[in-house]
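Chain order of the listed sequences is U and S.
Quick note on my numbering: the first sequence kicks off at 83 and runs consecutively.
Quick note on my numbering: the second sequence kicks off at 83 and runs consecutively.
If you're looking for bench data, these hints aren't it; they were derived computationally from the structure.
Worth double-checking, as some hints may not be accurate.
Copies of the same chain are indistinguishable here, so a pair counts whether it falls within one copy or spans any two.
[Unchecked claim] Okay, derived cross-link-like pairs now, DMTMM-like style, lysine to aspartate or glutamate, Cα gap no bigger than 20 Å in a straight line: (1) Lys-186 x Glu-208; (2) Lys-379 x Asp-412; (3) Lys-133 x Asp-416; (4) Lys-84 x Glu-457; (5) Lys-379 x Glu-326; (6) Lys-133 x Glu-418; (7) Lys-283 x Glu-457.
2 protein chains.
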Amino acid sequence: MKLIKNGVDYPKGFLVSSTNCGLLKDRDDISLIYSKVPAECACVFTQNQVKAAPIIWDSEITSDFSKKQAIIVNVKSANACTGELGYDNARLTSELVSNGLGLKPNEVLVCSTGVIGLQLNMDKIEKGVEVLVKDIKDDISDGIKSSGAILTTDTKNKVVSTEIEISGKKVRIGAMAKGSGMIRPNMATMLAFTTTDCKIKQSVLQEALNKITLDTFNMISVDGDMSTNDTAIVLANGLADNVEIDSLDSEAGKLFYEALYKIEESLAKQIIGDGEGASKVITTEVYGALNKDDARKLARNVVESNLVKTAIFGGDANWGRIVSALGSADAVFDPERALIKINGIPIFENGQPLESNQEKLDKIFEDNDIVIKAECNLGNSNATAWGCDLSYEYVKINGEYRS
Amino acid sequence: MKLIKNGVDYPKGFLVSSTNCGLLKDRDDISLIYSKVPAECACVFTQNQVKAAPIIWDSEITSDFSKKQAIIVNVKSANACTGELGYDNARLTSELVSNGLGLKPNEVLVCSTGVIGLQLNMDKIEKGVEVLVKDIKDDISDGIKSSGAILTTDTKNKVVSTEIEISGKKVRIGAMAKGSGMIRPNMATMLAFTTTDCKIKQSVLQEALNKITLDTFNMISVDGDMSTNDTAIVLANGLADNVEIDSLDSEAGKLFYEALYKIEESLAKQIIGDGEGASKVITTEVYGALNKDDARKLARNVVESNLVKTAIFGGDANWGRIVSALGSADAVFDPERALIKINGIPIFENGQPLESNQEKLDKIFEDNDIVIKAECNLGNSNATAWGCDLSYEYVKINGEYRS
């Protein structure tokens, strides 16, 4: 299965357009994803108890598992901590789109990212929607350009796509994301949009997204903080005309799951690779944990440890900090049984460091990818977490700027 | 109740001495606390599953709640991840002291702090113990000087003492601590030693220390990481000759508890004030949480948020990051009900920012103490957590140096 750099308009029947409506000075700041036919919709939202208005709106209109046909995305304001007016503006945004495209408001999802506590400028949003609706009606679409319009402090567009064959039909998946680089003056937001022309039951699509999120989006950490706006949405419009997937256990179900997994995993890695101020990507692979939950906690604890993150930034393969981060996780860990490697070099075994290998470690920091493998020898569960180092640049970006 | 800057030799019958035995170049690196009579002993150790050899030794000899008479403390090596040899060296260290002072080995606690994975240099330790034992026999004691001998990268001595009256007798408490500034190349360690001449049942002393630790040492965070060596020990030798305290509910019990609480709270605050690279102390007071556990989790989540820490470092009273940190805690929080103040200035209410107060906030950063008050309006439980900002200096100290 090959991954290619196409956007959300890669699958059959999907269009995406973006424009500048004046929210930002010099780049596109609003974009619209559209499916020519109603699409099954699966989504996951932030677990933060402080939820932005669009999260509340989207949760409401998806609670009946109904089909969706469009997603409108704006930057600049996260529309979080904005009270009733904020909620009304989220609803109004979806109405502007649904009126323009002849849809029902509950068929249009709304996503916002940017400053917390700042109300949406609805005049500008309205102008933007007009342009985008016209583009869509004119069949104008640009998946790469639009993937730039959802970014905030990200430095790179994040798109990925693939094609598989199910029951003799070509099935395509396309995706774009906005990263978790911290944005001034408030939270990062992770937005991930995935489209597919696969024919699949909504409940099965949701089951797939839930499972995949646990091992992809929930396993990346730039700084352990959780946004008020995090959202991952998958739209499936069925235009590939494959035999409908009604179970993940079926041949076709497994095939689609694997493809969707690779897509979301790619987005997750692209997000981490673009983490603010990050100079290195830290991958922690935990093997042989007591259970899956323990494996995830152990892996996350390493990539979220400030001591590990600063050591890696400083080019220090600090086994002591790694072992201690594993030992302090809310999961079973026994240093006497553990074998720890950094980029293939064993550094810790039988509760003690393998000093002989310390010199070899210096070379690994010529590489920007640091892979920590922890073999727990306690059970059969594995998990991988992705993080990045903690640099001066991170402190600068998040410390120097003022609200 | 007045707090004064005396060390662990302030209470009746306690001596403490320190010397340089060559573990470090130019300052005292080993110290010995001694009680002229056997003392009741209460202690708490790190929850990290990677435990240093002295932690294992101390846990063993305190498991029978027997009385103790000495504590030997070394810096330079944490004697963690050092295998059987490390354990034997911890035991041997206590034997050197017990032989010198005519005690049983299980009457001597051992504490180490420094580099993980480095074996103790027993020749130097032996020389050091000889000097310290002679000092003790010669009645030589210096609580302030010794408080400097247990430090690592700390910049200040940390001592505190007080005196209360119980059943007509003067009861004294003295204490010293080593902070949680990160040490090269590995973990921070918090060591807290408290002595008192109070007459109190061991089970009651342990109950007091356990309760107090939850609201003091467990509520401070420099960077959320947990050491392999964290230890808090209280010795009570009874020489004040007060009526023995057999319950914390008694008049005397309450009085002693309050005094011990103030002592440990003072050590906790001194540790945070000396956090590595810290330029500001962040205090988070949570009021009206659903229960005590929630209150503690909410308060800790704020002082452990890298986004909050960098914002404070940058002089940014970033209410959005504070609210989001509260919302992402594993505890009930409702932004619609919360009232949040920074240094007395209301900044968030009814789910929205109080923009009008934003200018006033600029001034508060002239102060080095930032106090965040979060009134949850959910219940009656309160908690306070102490942390420090995340500075370039922190990244430098923990990133630039090599193992």
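Comparing the hints with the structure gives:
Taking the closest pair of Cα atoms, Lys-186 and Glu-208 come within 20 Å of each other only inside a single copy of the chain (17 Å); across copies the shortest separation is 82 Å, beyond that limit. In the homo-oligomer, the alpha carbons of Lys-379 and Asp-412 lie at most 20 Å apart both inside one protomer (7 Å) and across protomers (14 Å), since each shortest distance falls under that limit. Taking CA atoms no more than 20 Å apart as the test, Lys-133 paired with Asp-416 passes between copies only; the shortest distance there is 10 Å, against 38 Å inside one copy. Taking the shortest alpha-carbon separations for Lys-84 and Glu-457, neither the intra-copy value of 30 Å nor the inter-copy value of 53 Å comes in at or below 20 Å.
When the C-alpha separation of Lys-379 and Glu-326 is checked against a cutoff of 20 Å, the pair qualifies neither within a copy, at 36 Å, nor between copies, at 46 Å. With identical chains, the CA atoms of Lys-133 and Glu-418 are at most 20 Å apart between copies only, with a shortest distance of 11 Å across copies and 43 Å within one. Proximity of Lys-283 and Glu-457 under a CA criterion of 20 Å is satisfied in neither setting, with 38 Å inside one chain copy and 45 Å between copies.
Consistency note: the structure conflicts with the earlier hints numbered 4, 5, 7.
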